[in-house]
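Peer 1: Guided by the hints, dock chain B onto chain A, whose structure is given.
Residue numbers (the working numbering), protein chains in the order written: chain A, 1 to 331; chain B, 1001 to 1331.
Think of the hints as simulated: they come from the structure by calculation, not from any bench.
Glycine included, each C-beta is placed from N, C-alpha and C at the ideal position.
Any given hint could turn out to be false.
Said to hold, decoys possible - Straight-line distance between alpha carbons at most 27 Å, and here's what the computed DSSO-like set of lysine-lysine pairs gives:
no.: 1; chain 1: A; residue 1: K265; chain 2: B; residue 2: K1322
no.: 2; chain 1: A; residue 1: K165; chain 2: A; residue 2: K235
no.: 3; chain 1: A; residue 1: K265; chain 2: B; residue 2: K1235
To be verified - Some, not all, of what chain B presents toward chain A, calculated at C-beta under 10 Å:
no.: 4; residue: N1089
no.: 5; residue: I1138
no.: 6; residue: I1239
no.: 7; residue: L1247
no.: 8; residue: Y1248
no.: 9; residue: A1250
no.: 10; residue: T1255
no.: 11; residue: V1262
no.: 12; residue: A1268
Number of protein chains: 2
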Amino acid sequence: MTRQIILKSRPAGIPNPDNFEIRTVDIPAVSPGQVRVMTHTMSVDPYLRGRMNDAPSYIPSFQVGEPIVGGGIARIVESNAEGFKVGSNVMGYLPWQEEMVIESSGLKIVDENMAPLSYYLGILGMPGLTAWFGLMDIGKPQSGETVVISGAAGAVGLVAGQLAKIHGCRVVGIAGGDAKISYLTDELKFDAAINYKTTSDLEASIASACPSGVDVYFDNVGGGISDAVLSQINKNARIIICGQISLYNATSQPTGPRIQSVLLKKSALMQGFIVSNYISRFDEGLKALSQLVDTGKLKYTNTTYHGFERLPEAFIALFEGKNLGKLIVEL
Amino acid sequence: MTRQIILKSRPAGIPNPDNFEIRTVDIPAVSPGQVRVMTHTMSVDPYLRGRMNDAPSYIPSFQVGEPIVGGGIARIVESNAEGFKVGSNVMGYLPWQEEMVIESSGLKIVDENMAPLSYYLGILGMPGLTAWFGLMDIGKPQSGETVVISGAAGAVGLVAGQLAKIHGCRVVGIAGGDAKISYLTDELKFDAAINYKTTSDLEASIASACPSGVDVYFDNVGGGISDAVLSQINKNARIIICGQISLYNATSQPTGPRIQSVLLKKSALMQGFIVSNYISRFDEGLKALSQLVDTGKLKYTNTTYHGFERLPEAFIALFEGKNLGKLIVEL
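Chain A extracted, bound-state conformation (with noise of 0.2 Å):
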């Protein structure tokens, strides 16, 4: 027997601990191609969120009374498939769940020689590639330019901004809450760093720290941010729409200004895409990363949360901004 949590009723609006529900289930015995692992560490991310309500998206819907699925690494206690010995660490799209038996197929060793097991969750995961791709394919930095960052300490932002920093741009980051604004400026070296919470105009406040405008603007939150951004953009702007966070649990169609006038008046460009959109040149990117990691030029870490039974309490946590870094669940 083992814990699994399963989604017990859908959102509305922002998820509470009364949506999620803890069951035991039976573990079945290991076939061929198989193997059994204890999870260790689990990625809670805001894309879940769409997939807990039930309309079409990029990817299915959760189904109500099935367990949430989603990154996670776990230590192989017993094998039936080759190549995966016991003691070796694997990471996979894994329910939130103790212990189970799962397919060979879907998991790739990672080596906690090479980096930290969190690492491979994070910045050598989806939200490093998701932010090498969206700033190098669609934004295009180029040196001397500006480029801001929403969300800018979250999983993805932080590699986004310190990718900027690399390819010679001014970055100017945009957080809630001080301990973020510091690292972000203090750590990583951002130009500039905007606590959207405690300033009294956001506009004015992005315009003092772009004094020549914004070239690329990568959007991990949407709403009055971007508005306030999307203000202050340049002529030939690329904006990267990767995250909408502030919007994932509105609970009706959000308004704003259009904003088709001001990507006409600046010959603007804006973009939405998924990661897997580049699973092709995966490999590409990761390489890139992990030399970067390597030779200390990019920075990480990690919001740690213990207990397995914490992980619906932690996700809650993204809408919150709770996090600095990659949030994660150590079982």
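Peer 2: Same frame as chain A, but now just chain B:
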């Protein structure tokens, strides 16, 4: 002495005849490098509306008390410039003025034996090039894709739609009025055309006309029409922001559904542009358009007003959707 039309006051909302005034001015002598010309055809275009505001855009504002300037064709009646013979026709940015002395350096000689002179203000001029570069460079239509055009019966829209047909696409036009709809489907062979003024459910009409969804949206109008089209876009859709005529007369910031979430879910691209971005490639575009016109593959039509003093009325008619094809004024 000759007549010119000046901007008497800045329009608030839809322009009205009182925003314009006819005055008489002297005609100076023709200095070296200059010609004296008689205007015979003027173009009126939606973008002029933006120049009537006292706000920064992609081109400078008109000044109150100064003449409106737009694309036009004139005949040389006196010349002090090499290569510019009396009797030749020239195209250029001309003040709304019946007769004038002007520098030859900004003028281009046009040949009425090659194409009707009005074509140089339309399909072989700025609107044709706008359609060409917007559709080909941003839209990148692929054979079998569905292309939707708003403002489809306007000077740009009818070229964009025909170009998409030539490239093997299913083409759906949106326009206002039965005559326009008939022209699009009967004359230009669009696959479908939707009269937005009479449909009871625009979103359903678009869905019905685009059973495989929308791959490319060439947007000339913005507002609610664009909201309806965006509800039907496919993954990897391209949205060309060419104009937003429905919003040009807004007196407060237009609002509507936030669209970034749609772009995110569909990995869609939205790009604003102005034709002058492509100035270094105009010859390429004109060559392609000329060949299509010469071989009868591209059709074109004008709505013509007669009389210099009707320039303001013709311009205002643009915002009432009174034109089929290019709106021109013959003096």
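Peer 1: Against each hint, give a clear statement of whether it holds in the structure.
Peer 2: To see whether the hints hold, each was checked on the structure:
Taking the CA atoms of K265(A) and K1322(B), the gap is near 25 Å; set against the 27 Å cutoff, the hint holds. Annotation: proposed proximity of K165(A) to K235(A) holds, straight-line Cα distance about 21 Å (limit 27 Å). Only pairs whose Cα atoms come within 27 Å are accepted, and K265(A) paired with K1235(B) is accepted, the gap being roughly 26 Å. About 32 Å separates the beta-carbon of N1089(B) from the nearest beta-carbon of chain A, more than 10 Å, and the hint is not met.
Here the hint on I1138(B) is kept, as its CB sits about 9 Å from the closest CB of chain A, short of 10 Å. Evaluation of the I1239(B) hint against chain A yields a held restraint, the C-beta minimum of about 9 Å falling below 10 Å. With its C-beta approaching chain A no nearer than about 6 Å, L1247(B) sits inside the 10 Å limit, and its interface hint holds. Interface restraint check for Y1248(B): the shortest CB-CB distance to chain A comes to about 9 Å, inside 10 Å, so the restraint holds.
With its C-beta approaching chain A no nearer than about 9 Å, A1250(B) sits inside the 10 Å limit, and its interface hint holds. Because the closest C-beta pair between T1255(B) and chain A is about 5 Å apart, less than 10 Å, the hint holds. Because the closest C-beta pair between V1262(B) and chain A is about 8 Å apart, less than 10 Å, the hint holds. At a threshold of 10 Å, the smallest CB-CB gap from A1268(B) to chain A is about 5 Å, leaving the interface hint in force.
Hint violations for this structure: number 4 only, all remaining hints satisfied.
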